[in-house]
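Peer 1: Modelling step: build the complete structure from the supplied sequences, incorporating the hints.
These protein sequence lines map, in sequence, to chains A, W and U. Residue 124 in the working numbering sits at position 126 of the first sequence, with consecutive numbering throughout. Residue 220 in the working numbering sits at position 218 of the second sequence, with consecutive numbering throughout. Residue 224 in the working numbering sits at position 149 of the third sequence, with consecutive numbering throughout.
A couple of the hints might just be wrong.
As the list claims (entries may be wrong) - Derived Cβ-Cβ restraints for the label pairs, each shown as a range:
no. : chain 1 : residue 1 : chain 2 : residue 2 : range
1   : W       : Trp423    : A       : Leu220    : 51 to 61 Å
2   : U       : Leu87     : A       : Pro243    : 39 to 49 Å
3   : U       : Leu263    : W       : Gly320    : 46 to 56 Å
4   : U       : Glu309    : A       : Pro243    : 20 to 30 Å
5   : W       : Arg242    : A       : Leu220    : 58 to 68 Å
6   : A       : Glu188    : U       : Asp303    : 18 to 28 Å
7   : A       : Ala151    : U       : Pro148    : 27 to 37 Å
8   : U       : Glu111    : A       : Arg256    : 21 to 31 Å
9   : A       : Arg256    : W       : Thr36     : 45 to 55 Å
10  : W       : Pro243    : U       : Arg152    : 51 to 61 Å
11  : U       : Leu328    : A       : Ala151    : 20 to 30 Å
To be verified - Taking lysine-lysine pairs in the DSBU-like style, the calculated list, with each CA pair at most 35 Å apart, reads:
no. : chain 1 : residue 1 : chain 2 : residue 2
12  : W       : Lys351    : W       : Lys166
13  : W       : Lys291    : A       : Lys201
14  : W       : Lys753    : W       : Lys735
15  : W       : Lys574    : W       : Lys714
16  : W       : Lys194    : U       : Lys368
17  : W       : Lys839    : W       : Lys723
18  : W       : Lys166    : A       : Lys239
19  : A       : Lys202    : W       : Lys412
20  : W       : Lys291    : A       : Lys239
21  : A       : Lys202    : W       : Lys291
22  : W       : Lys575    : W       : Lys735
23  : W       : Lys723    : W       : Lys574
24  : W       : Lys753    : W       : Lys412
25  : W       : Lys574    : W       : Lys839
26  : W       : Lys291    : U       : Lys368
27  : W       : Lys574    : W       : Lys735
28  : W       : Lys574    : W       : Lys753
29  : W       : Lys839    : W       : Lys351
30  : W       : Lys716    : W       : Lys575
31  : W       : Lys574    : W       : Lys716
32  : A       : Lys239    : W       : Lys194
33  : W       : Lys575    : W       : Lys714
34  : A       : Lys239    : U       : Lys368
35  : A       : Lys201    : W       : Lys412
36  : W       : Lys735    : W       : Lys714
To be verified - If the Cβ cut is set under 7 Å, some of the chain U residues that face chain A in the computed set are:
no. : residue
37  : Arg181
38  : Ala191
39  : Val272
40  : Val291
Hints listed in this document are in silico derivations from the structure and should not be mistaken for laboratory results. Here a beta-carbon is modelled for each residue, glycine too, at the ideal position from N, C-alpha and C.
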Amino acid sequence: MTDVLVCVKRVPDTSGEVVLSADGSGVDGRYAGWTMSSHEECAVEMAVTIAGDTGGSVTVLTLGDDDSVEQLRAALAVGADEAVRIDAAADDYGPADVAAAIAEVVRAREGEGRPFDLVLVGNDAADTGDHQVGIRLAHLLERPVVAGAQNAAVAVSGDRLEVRSSVSGPTEVFDVPLPAVLTVWEGGVEPRYPNISGRMRAKKARVEVLEPSGAPQGSGRLGLRVLPPPASDVEVLGEGKAAAPRLVDVLRELGVVR
Amino acid sequence: MSTSSLPDRCDVLVIGAGIVGNSLVHHLAELGWTDIVQIDKGPLPNPGGSTGHASNFIFPVDHSREITDLTLDSMRQYDEMGVLTTSGGIEVARTEERMEELRRRMSSAKAWGIESRMVTPREVAEMVPFLDPDVIVGGFYTPSVGVVDSLRAGTIMRENAQAKGVLTTVANVEVTGMTVTEGRISAVQTDKGDIEAPVVVIACGVWSPRLARMAGAHIPLTPAVHQMISVGPCEPLAERPGEISFPIIRDMDTFCYERQHGSDMEVGSYAHRAILHEPDEIPSIAQAKLSPTEMPFTEDDFDPQLEQALELMPELLGDERAEIRYAINGLLSLTPDGAPVLGETPEVKGLWSCAAVWIKEGPGVGRAVAEWMTHGHPEIDLGHSDIARFYPHQRTRAHVRARTSEAFNKTYGIVHPAEQWESSRPIRLSPMHASQRELGAVFYEAAGWERPQWYASNEPLLEEFGDAVMPREHEWDARWWSPIINAEHLAMRARGGIVDLTAFAIFDVVGPAALEGIQRIVVAQADVAIGRVVYTPVLDETGGFRSDLTVMRLGHDHFRVVTGGAHGMVDKKWFADHLPEGASLVDLTSAYSTIGVWGPRAGDVLGALTDDDLSPETFRFGTCRLIEVGDLSVLASRISYVGEFGWELYVPIETGAQLWERLIEAGRPHGVVPVGIGVYTATGRIEKGYRAYGAELDAERTLSETGMGRPKVKDADFIGKEAVLDQAGRPPKSVLCAMTVDDHTSASGVKRYMLGGEPVLGRDGEPLTDGHGHHPYVTSAASAPSLGKHVLMAFLPPEQAVVGTGLSVSYMEELYPVTVASVDATPLLDPENLRVKGRYAELEHPAADGGTAQPAAAAEPVGVA
Amino acid sequence: MSVLVVVEPEDLDDEGAGLSVVSQEVLTFARSLPGEDVDAVLVGLPCAGAPPEAVLAHCREQGVRRLHVTGEPRLERYAARAWARVVDAAAEAGGAAYLVAGGTARGNEVLAHVAAARGVPMPCNVVAVVQSEPLEVERQVVGGAVLERVALRAEGGLAVASVAGHAVAPEPAPSPGETRVGEVAVELTEADLAAQVVRVEAEEGGDTSALTGANVVVGAGRGVGGADQFDDVEALAARLGGAVGVSRVVTSLGWRPHHEQVGQTGSRIAPDLYLACGISGAIQHWAGCSSSKTIIAINTDGEAPMVTKARYAVIGDMHEVIPAVLEELS
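Peer 2: Right, here's the structure in full:
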């Protein structure tokens, strides 16, 4: 019975060209919409699988404003059991602040006698790309942490976790004692889509709202700028297969074929 | 061919490569255009507009004949291209009220000749086994419903034109500007260079308003969200091969549809709040996640629909393995009145709009607009879609947004034919508006004008006329209606009525070539004495109706054209487009107010206010003159659309209120009352067999069919003359008739009154077919209180167009017996026109005496010449 | 005041390979920070006192004053927190004011442990110093599409930052360093080693190394059309002696394994030639391939971002163009 906490963040979808908000302080998500980071989609999938395999539960947590409930519901729709929102403006929170806020929730639950055996976060959020919330959280909770986790399975004994990662080359296997923290990396699991019953469940689920204690230190952001698209100096070699000889000439010039 | 370089000139430039642009280039090529360039800012074959995410299904039955005809033509074309898959479709009802609406749709299906039938929940479940029959009370099944591959169709049509060597298509070209020279489009600027073109068509869907604005024109539409999700894989769907093997379900009461797409079920909705976007704020291709018109899905808006869909198909959609694999807020184009926006823009010559078109109408619209561009008129009358129809206020962003927001949830709604808009009102007020409010006027809107439909102040007339007001028992028949209309009618026939006609569109044609211009445009002889008033049809080259209106000759080089408000802007463009050099058009719509005063006492009322001689012998019918109404100068015109003696009185709009007050005051001692538009446009005219443009008159009807042919055709040349001469010798393919309903009693014992649009069948319900191959339907329906009858107008096959022929009309899926009461629109009431002539004394039953209806006269057909 | 750089060997099994390219980049970057000396710490390669000559050669070339190594045998297998202890000890020993590492998965992870232990901030994926007084840097966010300006202050004791891969090109120092080697000793606790690699499952071709190490990458996107349509792509990659890389949509659709993914959530590559076939070039993908020296795009859409950002392009269907190229090459 592994009780899992999985943390997600509402981020602008960046499948398309990025547009900054009018004041330049953030990314405008109105065209492409908002989503949770793809690492986190995998984290949710991993959480639901582990809880399903062990008969445990999944609690999904976010730190954000009321709009971020959408991401909580997305996780509820694919199988999370409970949802918690730390009511705060995510942009005011740096990675250390987020880790502290999550740690507070984890400790509170421990205090209630319902501890989380496993905490999953995305390796890095698609917008801020900080690569550190999970590790800071592990330090605060004094738990082991594996970064870049792509697969995880709880041992039969229920107190250890086998974790796989191939983000730095060949697949590395970790064997960590629970409770632990994982920062999840996309690629090892296939996130499921919600079904309609899931959506209906998610819609009706209650979202617990928590007030953060204390003010955040902030992210230290001084400004944002979108990289201007480089002036295109593309040389079109031709259309269709007729361009093949020219293309081969270029490959020769580049020295990749002789 | 498809290239990446833009030619520097062409005969016609089509902007847009969605279903509409592709259909259009195909039909232009078919019609002989030889130098067509088509551009799109996106890549091919899916440039990212609404076509790319369309659900691509077609239900052919619509209450509008124009849309139905375009849809049927489109289905034929899709079928010829091999991209139509027939699946059948069922509109299901969850309530009895909706069942009534489905029965009404059956009327439309029969009227337009489309095979459909009502089905029971069990029959629905037999066709769609995963639908829970307990949730519905019935359905309306149309076997010919199908799905099309609109992207493939577009490619085929584009390539057809390319194969002819007449079309160059260039993708990834964005329009940045347009050049207008002396009111004509002359060139278009793009990010790939400029291109000169004397004709440019905007077929850019949701982006169209933005393009039009570059040339100073308006295409009044707004991008709006239609939500759609795709759920799968669903086992029952996956078991069968192909894209679709189950009928498409329209869950009418929840405003949703369920359409199989391979192993997935697509659930779409029109039930959510209207979510409007701005054309300028649609993301670019680079900014968009999927495509510019597939906006991020807003889940909360869809949740209620999800629940209802689940209720309808619990096992299929509730299957845990069926996942929501795709969900979008798809953008589509909505217009203030729901109709497409087609034709040359009134602001810029040579700049055409081909926008706000659904997949189901695309190829048909492509053909019709290509015909219009080539010959000056399409085969299918596009009157309701003509871009020229919009008044300036109707082109404003606020109006477009207000009306589309209001209309969005009517997409699958039950819309009464007389239903009134609530938003963007009031806009245009006649000068006597305040007085009308005091009289308790119930205002209906036409072209932005607030017009009294009837007056609460006339309620006492109900008692006076008793059952002669023909009260309606059924709520639907009586919705947006009042027996006061009929009471006002009877009061007008008995004594007289005063009608506010300020909504008329009025324009003067002046200049040395004014006569030549008018002669060329109208059918009737316009070279008449100054002071004559001519009622005349206006035809297109094929002899089909463009309009019917009156022309007053006010001077040698001065004609005043008066036409209906709803159609005024289209008529104005038609006149302006066809006037020769030396004649010009001045729009006086907002300068004049018109008040009608008619009835046996009309002369007494106006006579009390003027010293001018108003006697019928002196002030003859069909003439106009300036009279003095005290200190008001009034242009009085002795004509009538209600079949009574009297005048249309034209005054500068600022004196309209004065004239109104004086007439009301002078009418009081005679029992002459203000009368609403309900009388003017319905009861008054139907007793006289007067036709209405848009109902009886349209581009597909001829003079001879409408009983408006005259033995003599004027010598002067006019548009449509050749066709008129050609038609003259031949028997008409259909004949306009008036029918009376013999028995109104429905199976449940409630008396029912048709509202128009119902199919006309043989006495035993057998279908009738006219010489066009069309099935007859009711073009207008109204009470004829003076006859004590409910009268229906319809174009009947010549064999049935014989007085006394017994037929039937299908209303709400029940047959009612009717009898042909007149042919060629001969008046049912007062066929000798004694009333119009002011010869009331000679009437057999002078209505002025008793003021009651004439049941005796109505027992048998009256007014047959 | 010195700058400490975490360096990694290019190849654990090849002593002659020296430092990884990214490590050399970071050493170059370190010289733009306001430290008097650049020191380095080598972890992952336990070597008491005697690091491989190739590593030392790179260090000298980059002007490294001092290279910290450790002889702790338990560090042979990766354990981020334990590695971080060594790095921390080296920073302490060398009096470092700044600590930097490459923005690789591993570099970010180790630095995050140091920053967490010390309670200091850690901006990731820094690309440039934009202001020296006070020190401000820009770093990549939103997959590299946006740059965020943040302060980097040493007042808190130690300023920690990772440097985005391929943000700078490795350049030799103006004057070579002597690179003294010193050993750091740490007392590792059980907690430091709680999350340690217990074994490596080296399946053939099942990892990212083929992709990240290739000189030529043939990229394939949604335009391929299906999982069974990769024959020509693979043939071309083989012919050019390169690897296949794919966009995120291709792995999401299950057409190819994740370890072939190039992009924000896949690998970041910097080959001599990237031949992108049927890839539109979304941000997520561009984040992974933008450091390629030359990009050639094959795409039906002449306006696709991949085409406009490429050096050369062929407009057309990849399944027509690639076979024609293969034929031309045969």
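Peer 1: So which of the earlier hints does this model not fit?
Peer 2: 8, 28 and 29
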